[in-house]
Each structure stands twice: as C-alpha cells, then as structure tokens.
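Asks: Here the structure of chain A is known, so what remains is to put chains B, C and D in place on it, guided by the hints.
Number of protein chains: 4
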Amino acid sequence: MIIIVNRKTTREQLDRLVTELEQKQFKTHLSKGENTTIIGLIGDTSVLDIDSIKAIDIVDDVRRVTEPYKKANRKFHEDDTVVDVNGVKIGGGNFAVIAGPCSVESKEQMREITKAIQKSGANFLRGGAYKPRTSPYAFQGLQEEGIELLLGCKEEFGIPIVSEIMDVSDIPFFENVDVIQVGARNMQNFRLLKELGKLRQPILLKRGLANTIEEWLMSAEYIMAGGNENIILCERGIRTFETYTRNTFDISAIPVLKRLTHLPVIADPSHAAGMAWLVEPLAKAAVAAGADGVMIEVHNDPAHALSDGMQSLTPEMFDSVIGQIKKYL
Amino acid sequence: MIIIVNRKTTREQLDRLVTELEQKQFKTHLSKGENTTIIGLIGDTSVLDIDSIKAIDIVDDVRRVTEPYKKANRKFHEDDTVVDVNGVKIGGGNFAVIAGPCSVESKEQMREITKAIQKSGANFLRGGAYKPRTSPYAFQGLQEEGIELLLGCKEEFGIPIVSEIMDVSDIPFFENVDVIQVGARNMQNFRLLKELGKLRQPILLKRGLANTIEEWLMSAEYIMAGGNENIILCERGIRTFETYTRNTFDISAIPVLKRLTHLPVIADPSHAAGMAWLVEPLAKAAVAAGADGVMIEVHNDPAHALSDGMQSLTPEMFDSVIGQIKKYL
Amino acid sequence: MIIIVNRKTTREQLDRLVTELEQKQFKTHLSKGENTTIIGLIGDTSVLDIDSIKAIDIVDDVRRVTEPYKKANRKFHEDDTVVDVNGVKIGGGNFAVIAGPCSVESKEQMREITKAIQKSGANFLRGGAYKPRTSPYAFQGLQEEGIELLLGCKEEFGIPIVSEIMDVSDIPFFENVDVIQVGARNMQNFRLLKELGKLRQPILLKRGLANTIEEWLMSAEYIMAGGNENIILCERGIRTFETYTRNTFDISAIPVLKRLTHLPVIADPSHAAGMAWLVEPLAKAAVAAGADGVMIEVHNDPAHALSDGMQSLTPEMFDSVIGQIKKYL
Amino acid sequence: MIIIVNRKTTREQLDRLVTELEQKQFKTHLSKGENTTIIGLIGDTSVLDIDSIKAIDIVDDVRRVTEPYKKANRKFHEDDTVVDVNGVKIGGGNFAVIAGPCSVESKEQMREITKAIQKSGANFLRGGAYKPRTSPYAFQGLQEEGIELLLGCKEEFGIPIVSEIMDVSDIPFFENVDVIQVGARNMQNFRLLKELGKLRQPILLKRGLANTIEEWLMSAEYIMAGGNENIILCERGIRTFETYTRNTFDISAIPVLKRLTHLPVIADPSHAAGMAWLVEPLAKAAVAAGADGVMIEVHNDPAHALSDGMQSLTPEMFDSVIGQIKKYL
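Which chain is which? The protein sequence lines are A, B, C and D, in order.
Numbering-wise (the working numbering), the first sequence opens with residue 1 and increments by one.
Numbering-wise (the working numbering), the second sequence opens with residue 1 and increments by one.
Numbering-wise (the working numbering), the third sequence opens with residue 1 and increments by one.
Numbering-wise (the working numbering), the fourth sequence opens with residue 1 and increments by one.
Extracted from the complex, chain A is given alone in its bound form (with noise of 0.2 Å):
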C-alpha cells in the first residue's frame, strides 16, 4: 500500500505517522520528492481501512498495490477450478451450457424445454423460480413451487438444475439445487453470501450491473471466506449510458477474470442483449474470449412467456446457437 503524504507534512508529522503504522505491525519505506513524499506500506494491508488512512490530515491519498481478494486470487492458486456438480464439470476446459425459461410457468412447459435443450445439448436446467421483479405487480415467480418443478425435471430427466436466490429465508428449498444461482441485484448482498458460504452447493454468482471486476471478486472471496470454494462467475452486461441494449455485455471482463482468477467464468447474453436476435453472436464472442461456458433463455412459446419474453430463444433457435457455438470449442 502506497500513502502519498501532503507536501506540507512536517517532520515531526511524518515521523508520528510512520511510528504509528510500525506499531500495526508494518514495515515501511520513504520517498521524497520535490512535491511529494511516499510511505510504502509492506505487509498484510488487507485488513486495512483504507478511508481510515485517508482520513488522516496529513495524507492526501492512499493506493492498493496488492488486490484485496486472496483466496479467489490466481496468484495464490495457479491451477484453474474445477466444478464439479454430480460429475458434470465446469471450468478446466469443461464447458457447460445452461439453457431454460426466465421462470417456470407449468409442469408441460418444464419438461418441453428441457427435453428441447438437452436435445441439443445443454448440460443444465435453470428456470426461475423466486423471480426479482422491478415492479411489485408483476408476476413473482412460482416460488416453492417452482423449485418443485424444476426438481421434477431434474429426476425425470436426469439433468443438473441451477435457480436463482433471493433470500436467506429460502436456502431450506434449495436442499436439492444442484447450483445456486445469485443474481446481479443480490451480488452485494452481503448477509447472503455468508451464509451461501456454509453450503457446499456450488454458487453461480452473477456481475451486478454497476460493479467493478475487484468488487465483484470480493463477493466471491465473502462466498470462499466461508468455506464454500465452488463459484461459477456469470458476465451478464453492466450499466452504461448505451441505451439501444438492455446491458452492455463486458466481454473483456471474461479474459481478465481468467487471468485474476483461478474460478470458471461463464457468459449470459440473454440479460446482455435484452433481445433474442443478439444471443447468437454474443455467446459466439464469449466463447471465442474463452468463457467456460454459456447461460441462455430458453421458451417453447416466447411472446406468451410470464417475463423476459423479449431475450428468449425458441427451442429452435437455441438449437442453432449452440451448433455456431461448437465450432468455437
């Protein structure tokens, strides 16, 4: 860590400083300039606040060299994660595809799209269940029931199913949830990471919409701190002033989140693009960025769907999508 002193600090000011960060247990370094003298910190300065420092009258700012996260750092894990859900891997060169309805709606719809989706080879069920709407008068999701639901799939059809949390109340329903899905809006939902962090259930943790790549890592490293190492990161399009898009769909976040980190980073163009028209070439570019994998929407009957109607694919043209996409593995 770097404290940039103001350059009308005294010497006795200085030296209180210094002796006062020694006494924390860290070595430090000087540099004088003309204009600016420099206190480099060395040690375990993540457990610093840094607006604390900041807040010292004679600093005028304070810099991280080292990133804060640690067990989510490649730096300290040089091998790639693996997931492993019932023997269905992700990460590593293992690629998945997630494919499935916004929300579940019916028993008849369920097992249409994941006959459809397995069909073309889709390795994960998602479907919606607890549903975080905008509006408090639309449709919420089907709730327990449609875990219900998607856990019928998951035993007829054999396939892994992965639905989205929104609440710690509700973890007692997803005993059975092969991945835990949390969503952009809940991705600093501090409480609930803690406790997702005591399952051993992998967690899918999606971007929020206006977080940077290092805060988005320090979700992850509250998941890992609690000993829950299984995180799958999911890229699904952050806020800006480009409106012709729902998200802007950041796919450079892909290859710098597989050089920072050592977890599977896969890609969601669906919430991306905000338009089915625009899912083929965005998975297209994730994969071809190296995403270990896709998440798509997926509805028998699009414009009839309960939410997200607009970004969802006919199983045909799912079926499609993922035929471009094999040529990119």
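Bear in mind the hints are in silico, worked out from the structure with no lab data behind them.
Predicted model, so just to flag it, every value in this text is computed and none were measured.
Be aware that one or more of the hints could be misleading.
Which copy? The list can't say, so a pair holds if one copy fits it or any two copies do.
Calculated pairs, EDC-like style, for lysine to aspartate or glutamate (alpha carbon to alpha carbon, straight line, at most 16 Å) [to be verified]:
1. K115 <-> E20
2. K71 <-> E214
3. K75 <-> D60
4. K115 <-> E78
5. K115 <-> D319
6. K8 <-> E78
7. K89 <-> E229
8. K326 <-> D84
9. K32 <-> D44
10. K258 <-> E67
11. K194 <-> D170
12. K32 <-> D319
13. K107 <-> E145
14. K258 <-> D79
Replies: Chains B, C and D alone, transformed into the frame defined by chain A:
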C-alpha cells in the same frame, strides 16, 4: 403504452395482434405512417410485461407513456407526504438533520457524538450497527450490540434513531429503531422491501449506485404496496466514469423527485463525496435544490474510525456546516 | 413521432397544436386514454427539432419512432456496402486486417513493421502522424513528416495506408492517404465531418468514448450527406465505471450495427483493451460477433514506443493473433 | 510516480530498469514487500509516457502521484485567477451572469432578449452562431451573420458577448467576440485548443460529456501552455446511465475544481437539465456549491426556438431565477 409495429407486417398479422390486445380489455388506436404503424394501448398497462410484447415477431418496439408507479406518484397524490417520527416531522416544509457515525463503536463514542450533534441542531441520530462491507475481512459492525447502544442514546438524549437493516431476519432487532434505513446495495432487495412494507416504521430508502430515478420509485412502490407509506428517499450519489469523487452526487434527482413524487427527499453528501471537505458545499447545494433534509457522517475521531473515516466530519466541522445550511432554509 | 400531451390540456389547446402540426404538412392521429392523450405524427419528422416541440407547454414528452438517419440506414439500403480501397475490399464478406504503430516514429521503424505485418497477412498499414494527446507536453506526432514516411511504405510495399486527421486545415496533406481516420475525440467534430463528406477517400469513423450507436450513425450520416458514402465504422470501446480496462469494448455494437446499417464495421481491440495481452481474446470475440475487420497496434519495440506502448503487440504476438483469428473467419 | 514491479522479476531485471530510469535523470527509491516491489520515481514525471513504462515486461502497473497539469494547478498558483472582460470580471468573488438564446435567429429576437436579460441583471450576452448539431439535417446556425447580430447587440447595449467556436478556420470571425466558448464536443479538439492558446481573448471551456475533471484541466493546460491563461471552466453535465435528465449535472465538480485550480468555474444548468423547470433549482445549487457564475439559455419564444427550445427560459422565468440566485450570493 405505444406499440411500434414492423413495417413489413401484413394486415392479417396486425388484426390478430389488435384482437388479442382487445381481449385483454385494452382499447387500441391505430396510427399508420409511411414507414411505421403505431398501436396506442389504452387502459391499465402497469400489469403488462413490456418484454413479452416486444417478443411478438411483428413488434419493433414498445414504450410506456405513463409512469409504472402509482402510490408514489404525485399525479395521484398532489400534497407532500409528511413523515412523522414520534413528533419530529420530515417533508412538507419540515427539514431533517440526521447525523452520527458510520459505525457504532462504543458507548463513550456514541454519547459524545450524540451530545455534540444535538447541540449543533441535529434532530436524528444515525449509526451503523449492521455494516455492508465490500471485504469479508473488514469490520462488519457491532450488530445487536450496536442497536443496543443506539437505543441507549435514544433513551438518554430523547433523540429518534436511524439505522440500516441488511436482512429480513434482523427485523426483530429493529423494533424500537425509529427509522429503518435501506442502503444503496439493498435498494432492489425486493424480499426485504416487501417485509418492510408490513411494518409501520418509516423507511429511509437510499438510491442504488446504478439505479434510475424510476427504478428507485418502483422500490418505494414495493414498500408502499405492502401498506407502509412512510418513506423518505435519500440521494447518495451514483456510479459514473468520474473517479475523483467516490460517487457522482446527482443533484438533479432532488428537484426531479419533488416533481414526480409526494415523498420527502433528503441528501447524503457524505457518501456522495467520500471526502470530508466536500460535505459542506454539497450539503448547501442539496438544500438550495430543495432537499427536505440532510444526513451527515460525524465522528469524534475520524482518523481512528472503524469505517468511512475519510468522509466523516468532526463535531466542530459539523457545527459549521449546519450554521451554513441554516442560511439557506 | 409520438407527442404525449399533458392530461390537463383543454380541448382548445389540443386543437390548436394539431392544427399547427398539420400546417407543417404532417398527418396526425389522436389516441385518448384516461390519463394520457397521444398525438401520432406522420410524415418526414427528421427535419423537426424535438426540443422545440417538448418546449410547448401542453407537451409532456416527444419520442421518435423512426431512426433519424437515412443514408446510413439499412432499411433503405439492404445490401452491404463494400468499400473498395484501390482494389482491397472491406465489407460484404471481405475482411480487413489493419495494423501498424500508434505513432509513426522513423523510416526504419516503419519499414520493419510494414514488412512484418504484411508477412503476417495485414492488408492495410496504419500509423499516426497527427496525434491527439491528452497532455500538451506529450509527443504530438511527426505530422507532415509522418505522412511522408507512410507514403514511402505505401510505395515500397504496395500496401494501402490509414492515418488519422485532426483538423480541416490538414486535408491537403491527406491527398494520397488511402483511408482517412476520424478518431474518437473527433466523432462529433461536425465541421471536419462536413469537409470529409466532400472527399472521395474512404473514411474510417471511430466511435466516440461516450457516444451512443445512434449518434455514431448520425456522424456517418454527416459525411454521407455531403456525398462521400465510403465509410467504415470502428468500435474501440466506450467509457464506463469499470477501470480495470482502459475502455469497455462494446462487443454488442458490432451485431447491432450490422443490423441497423449497411456500412462495414471493424473493431480496434488495442484501444479498447489498453493492454497487449487482451488484444487476442478481444480480436477473436470481434470476429465471432461478425466484424468486417480488425485494427491492431503493432510496434517493433513496445517498451520504447513514443505512445501507447502498453497496448502494442510485437510482430511475433501479432502473427500469433492473426493465426488465431483466421480460424474464425 | 510509482512503478509496481511483477513479483517474479529477477534482481538483474530490476537493476536494469532502475539504471535505465536513472539515466533519464530520475531518482529512484525501492520498497520491497513480500508480494510486491515498488519503485518510487522522483523528478519531473509529466514528460514521461505512462503507457510506455507499463509496456515494460516486468512492470505490473504505474501510477502518477502528482497531477499532470501545472499552469492550471492551484498548488503552484494559490490565488484565484480573475478574468477581466473589458472591465467585467469573473472569479475571485466576481459573479458572472451569462444569458441569451441557444441560437442567434434574428435582429429583433436578439434585441428583445438582450434588453430583457440586461434588465434582469445579466452581464454577458451569449448566442450561438455556429451550432454543433447531432443531425446534418438540423439548423446549423446563422454563422458569420449570427456573429454580426451579436456584435450589433454588443455595440447597442454595451454588453460583452460570448459565442461558440467550432473550427480553427473560423477564428478570424471571432476577432471582436469578447469570450470565445469551446463546446463540450470540442473539449479535446486539441488543434483548436492550441490555436486558442495564441489568442488573448478569454476562453470559456465547457466540460466534455464523458471527460474526467483531470482531462478537463489538461485541456485548459493546452490553452495555457500556448500563452493564454484567461480560461473560464464551465460544468454542463456529464453522460451517465440516468435518462430522466438530458445529462447528469456534476455539482461536485464545482468545489473540486475550486480546490484543484485557480481558474474561475461557472455552471450551465440549462444544458445539464434539458428542461426549463429544472434550471432554477440547479442554478441555485451551483451558486450554493461555490460557482463563480451561471450561463442560462433565455429565449423570447421557446416553443418556436430553432434549437434547444425545451430548456430555454422565458425572460420572465429568467428574471425570477436571477432573483432567487441573488439570495445565495
């Protein structure tokens, strides 16, 4: 609601769509131009899922022309809502000064700060007991013990208290907290919002870092739809490309909200600024723009605060800021 | 165009507005709902100033339903535009590989790089002679001398050249430059765009850092309105809150543009990434998403480049990237 | 400047880098931690290209610790700059009120508006003669004729005039324009900035839509480096994800600039807001935050303005705003 139909649509396709919409009890009006046909939809469109309509093959675009929020909408509730907290009022000309430390740390700290801020004119004490922290390794707040310390000050000094809730399961600890704060990261924690809708305590709802004014009002609507209409909105800065300030304080949000909604609107210049010396000009600007109150971080020893030291004012600085603000009221 | 009228508008006010609009040769359609009245405006609304209509007291909002660009619009020109640069084609299935240093520095440097990139398969040489630099104290480019060095390579190696123009007054120096580049900071330098519309050389128009896709197409429209329809659009990243990458490469812009316009679209992964190791995955992603070409910075000695060294590839790295890309074409 | 070295760097590599830096006349200080080695670079680093250093293979990151601007930096020029326009002063306690129409349209319009704003207390007349318009089909301004009409008002009413320049080649027409405005889209038109540095007229430099405060000050530095130190900075809103307002008025920029630079800082609430009713609260907020002036669009007939009608005030509204502002001065 306006539905823009693809120009290659046939007469039959168009008729089928119109019939389907009319069966849902909407009236329709057609406008046909050279390159575009538009369907105007008349009725309560707040229940319609905009994406499902966009998913219809002949639809190019869909746009709402009325706001999707009702209870929060000034159009249907012209008078200012005045939130009454045990006799201390906010809104409708009543100005709130909420002050206190980012984190509750100790009894001595809380007593000292409460005395100081009350003397300077604060009419609410704030303090964080449950702290949302980006890092799992950072101080997470005194939790239940912190709430106890706040309640002690409430009793001793007769000042209403404000504290942040992070999870539904903590609601029991907030029974005697006068105003329950929902932080930026939880603005779209819809499950929490729903539960808060069942309470009768006023809710201080902060704006999410990357949420639009409309989404913010929809989150207020969530709480109001549950029956709790005592909501105070709090602007605290949004995330933009500018990195000099911690966040970009969206000063325009204050007059915009005063126009769109009847709810009181306050400002948190401390979090927006991230630097103590910026709090005074931003607080003054917020008042000039029409805010119904300010929430300011005050700490007796900012350089040793356990969180957010950098942006905290000393009691002396706070006293000076309040002196400045009074000139603008 | 849709005009949303305030619900307190009287019958007389509405009639007056409708009459005024019809006098401007527009046809109008009225849709009256409970809370809103909408006027649909039919005719060529691209000449209307949207803000003047919004300024009318009874108008709540105005929205365009057709794109404001015409010549660039694929709706009115379905086939791909193929830009022909002395026989080297871009668009319509023809892939361009543009490579070279950020800044032209010397004859030796340019000869060495040109030989290398041409061997690897580049079909255009790029090099900056006029450099837009944030700091007045930074190297500003070799200017006329730089253009001379580029022309020397063009002659010796028979490769068409691309270079950036910064000001109308420099047009004479670009007489023999094959493709004239407009940089991100000049995307809305409308006077420059107008002058370029009078030339016949193809224009490579980069997206502005904070410009929407629609604004970008309007800038292309500026050039096309002047008579020069040989435009190549180049995505190079936009400015967002994420700071790990220099810019956020908007991969979606590529398929979106391919749908909205008939003009060729290429990608500049070097500027988007800002880091050499990111160029390969982003270039591959751009190709997978449908780009008609890539523009990549190559330098024989990146650590001693006079600008943008960090994001430049060595000739060896470039050769490897091109090898990777070819698999995707 | 701080250079963060990769932890796998050998002793020899490190020595070579240090030697190279010292040959460039910098002093270096080494701080070695367990995971990181940092080189502190002491000397005038403003001439160093940060990207070339980042391109060195053993370098992980490079960070400036001193501002890259000098002439604009308050550290080296503590007193406020007071810009004197024929006796009318801005800065150092002198408040400027600049008003007038977006576009100069006719002699009658200009005379009527000038009389009105002068009566309300404006001390500068603004009017656009050269108009940067997103669409090539929109009104582009009266150009030379517009400047003539402004000069007519200057002579008749004795009021200094402000008008926007779009291109180097128009400089001759601005000979008698008192203050030359550089618009947001030209903030990084470096060639124009250089030419304006050779003039002696004050330059009103607007912030770019997506430019940081530091980049803005670097653009001021461009003009100052040429010898013209009479610069007025004008905050006019930045581009963010929020779409309710045309731009997000960055109120914090005002106090931040007052701290970083000695140049006067004014606000343009009309462009930031994009809606007439928002101008008053934003103008008041700007004054409360410490602005040295405001620039406000006033039109005698906003609904028939040839540009920006929506955000223009009538003379009556303007008179009321000025009355409000005076209370805050």
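Asks: Next step is simple, just say for each hint if it's right about the structure.
Replies: Against the structure, the hints:
no.: 1; hint: K115 <-> E20; result: neither (65 Å within a copy, 30 Å between copies)
no.: 2; hint: K71 <-> E214; result: within (13 Å within a copy, 35 Å between copies)
no.: 3; hint: K75 <-> D60; result: between (30 Å within a copy, 13 Å between copies)
no.: 4; hint: K115 <-> E78; result: neither (38 Å within a copy, 38 Å between copies)
no.: 5; hint: K115 <-> D319; result: within (12 Å within a copy, 44 Å between copies)
no.: 6; hint: K8 <-> E78; result: between (44 Å within a copy, 14 Å between copies)
no.: 7; hint: K89 <-> E229; result: within (14 Å within a copy, 48 Å between copies)
no.: 8; hint: K326 <-> D84; result: neither (21 Å within a copy, 34 Å between copies)
no.: 9; hint: K32 <-> D44; result: between (24 Å within a copy, 13 Å between copies)
no.: 10; hint: K258 <-> E67; result: within (15 Å within a copy, 33 Å between copies)
no.: 11; hint: K194 <-> D170; result: both (14 Å within a copy, 15 Å between copies)
no.: 12; hint: K32 <-> D319; result: neither (63 Å within a copy, 37 Å between copies)
no.: 13; hint: K107 <-> E145; result: within (10 Å within a copy, 48 Å between copies)
no.: 14; hint: K258 <-> D79; result: within (11 Å within a copy, 39 Å between copies)
The structure shown violates the earlier hints numbered 1, 4, 8 and 12.
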